[in-house]
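Chemist: Below, each chain spelled out in residue letters.
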Amino acid sequence: MNTFLVLTPGSYTTVQDNGRYGYQQMGVPVSGALDLFSFKIANFLVGNPEGCAGLEVSIAGPRLTVLKEADVSLAGADMEAKLNSKPVEPWTSFRVTPGDVLSFYQVRSGCRAYMAVTGGIDTPEVMGSRATYAGGRFGGYHGRPLKKGDILKRGKGRLLNSPKHLHSEYRPRYLSEIVLRAIAGPQDFYFREGLEIFFQSVFSVSTRSDRMGYRLTGPEIVQREDMPKSIISEPSMPGGIQISPDRQPIILLVEQTMGGYAKIATVISTDIPNIAQAIPGDSIQFEKMSLETAHVLYREQQNRMLEIAKKLAEQ
Amino acid sequence: MRNALFKNTHFRIVGDRGLLVEYGNAIDPVVNLKVRAISVAAGKNMPPGVLEIVPAYRSLMILYDPLVTTPADLQNAFLSIEKKLQDTVIPAPRTITIPVCYGGEFGPDIEVVAESNGISTPDVIRLHSQPEYIIYMIGFSPGFPFLGGLPEALHTPRLKTPRTAVPQGSVAIANEQTGIYSVESPGGWQLIGRTPLKLFDSARSHPIPYHPGDLIRFVPISHEKYFQLLEKESTP
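Protein chains in written order, with this note's numbering: chain A, 852 to 1166; chain B, 128 to 363.
Read the hints as simulated data drawn from the structure, not as lab findings.
Just so you know, not all the hints are guaranteed correct.
Derived DSS-like pairs: lysine-lysine, alpha-carbon spacing no greater than 27 Å straight-line [said to hold, decoys possible]:
1) B:352 <-> A:1080
2) A:998 <-> A:919
3) A:1080 <-> B:134
4) A:1004 <-> A:937
Bear in mind that the values here come from a model prediction, so they are computed numbers and not experimental data.
Just chain A, same shape as in the assembly (with noise of 0.2 Å):
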């Protein structure tokens, strides 16, 4: 089913969707959305099953002419959207009819906002997903960032009997102060007086920051002078934050499989959204946290999200 016809792609809006598991192995990054709290909620709010493919759009929103009856929703940064000139809320979903057409503009707050829709938008799965992954030319939109003209599918679906909305209560707030909380290590050993420094210092993100990961600038993270230069490649997991040869961090994201410096921390799962929600010039500290903890907050996490999942469901 034809549902939106691209009349303006925006500054890099892909489909993605849960991510693609299991083929790490063969140097293939799991992808899928960067925010997946606010990509799961944006499913919710349309009544989807969890896992269909939506849209991330980020900094600058695409302008789209509905060509299909479809409820839609909206979740993550605000982008001032518009449904013809009628302002539509993040965090809510609403109808829409052929005709139409829905325009996203520069974003407010947070980076990057996602869209869903009844079905979910429908591309061919590869390798188990429908997550675009830029730099390997699959998934998603043929591999790509939307492009003027180009037509995208949604699945069947049942259209909602009243629009919903997420409780205030649940929508995070994008803040320009942002703290992480990371695990040290897996080489937290590599550094002395770098990892005080680490956890005692403010990082700013950088313009150079994408899916692949956020490159921060700030005071220099020094290695132990009797340490190897760098590591033995080894895989990453999103959330690591490498030390560079230029002494600055980077934390590596979902469109990377591995590595070959020392890694000073983690981000906690829990935590990646704010991540994906910063952009260059937001300022980033750094909070040791221990592993324990890390799985109350995880757990916290994921019941809170079933909590919404329900509350949307009844709605």
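Once you have looked at the hints, place chain B on chain A.
Modeler: What follows is chain B alone, placed relative to chain A:
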């Protein structure tokens, strides 16, 4: 030869969903064989809560679901896999033949490799296509094999400035390593040739034709043969 294997396996916490298991501290065939054996054994009978295992040179990464398991449980599970390793049948490595057209437009850095080692271009081709290389790991980009066993006479440092786009199929050298750019990507390795084979194809049921631990042998081919094979869209 010194034993590069750790006496006691190292476990490292990687955030709240990852556990890194290290079996040695060198790029070494014995260590890598152990990594491969453990990942084959674990793959046959995945411990509860393990979502994915990613083998590398001397370590493997376990991605787990913290709602189901803990690093302590995983540590026990992987130590017991290690104890029973002699009972695990590891499939014999396969040898994959990769045709390569060396030099010219496909290998713009072959003279650099020759000059920096004081040998001729034909020597580079002869030496590079002699060994059976072990695939230590696959990564960096989809299907990129990191190969061990490059003759010392071919060791050449990386480019000072990486290329923004290295063509798909480029066969390349960086220090003591050789590998193949299975898809077009940025890269800083010295390019010595190119294979017409499509090594990675996301639409195939097996997107890449080899696994870590398999062997690769390069066979020099002519320019003409390169284009013949390219037209056939051959896979190894």
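Chemist: Hints first: check each against the structure and report whether it holds.
Modeler: Right, here's what the structure says about each hint:
A C-alpha spacing of about 43 Å is found between residue 352 (chain B) and residue 1080 (chain A), which places the hinted pair above 27 Å, so the restraint is violated. Note on residue 998 (chain A) and residue 919 (chain A): the hinted pairing holds, with a Cα-Cα distance of about 19 Å set against a maximum of 27 Å. Between residue 1080 (chain A) and residue 134 (chain B) the CA atoms are separated by roughly 25 Å; this keeps the pair inside 27 Å, and the hint holds. Proposed proximity of residue 1004 (chain A) and residue 937 (chain A) is supported: the alpha carbons are some 24 Å apart, at most 27 Å.
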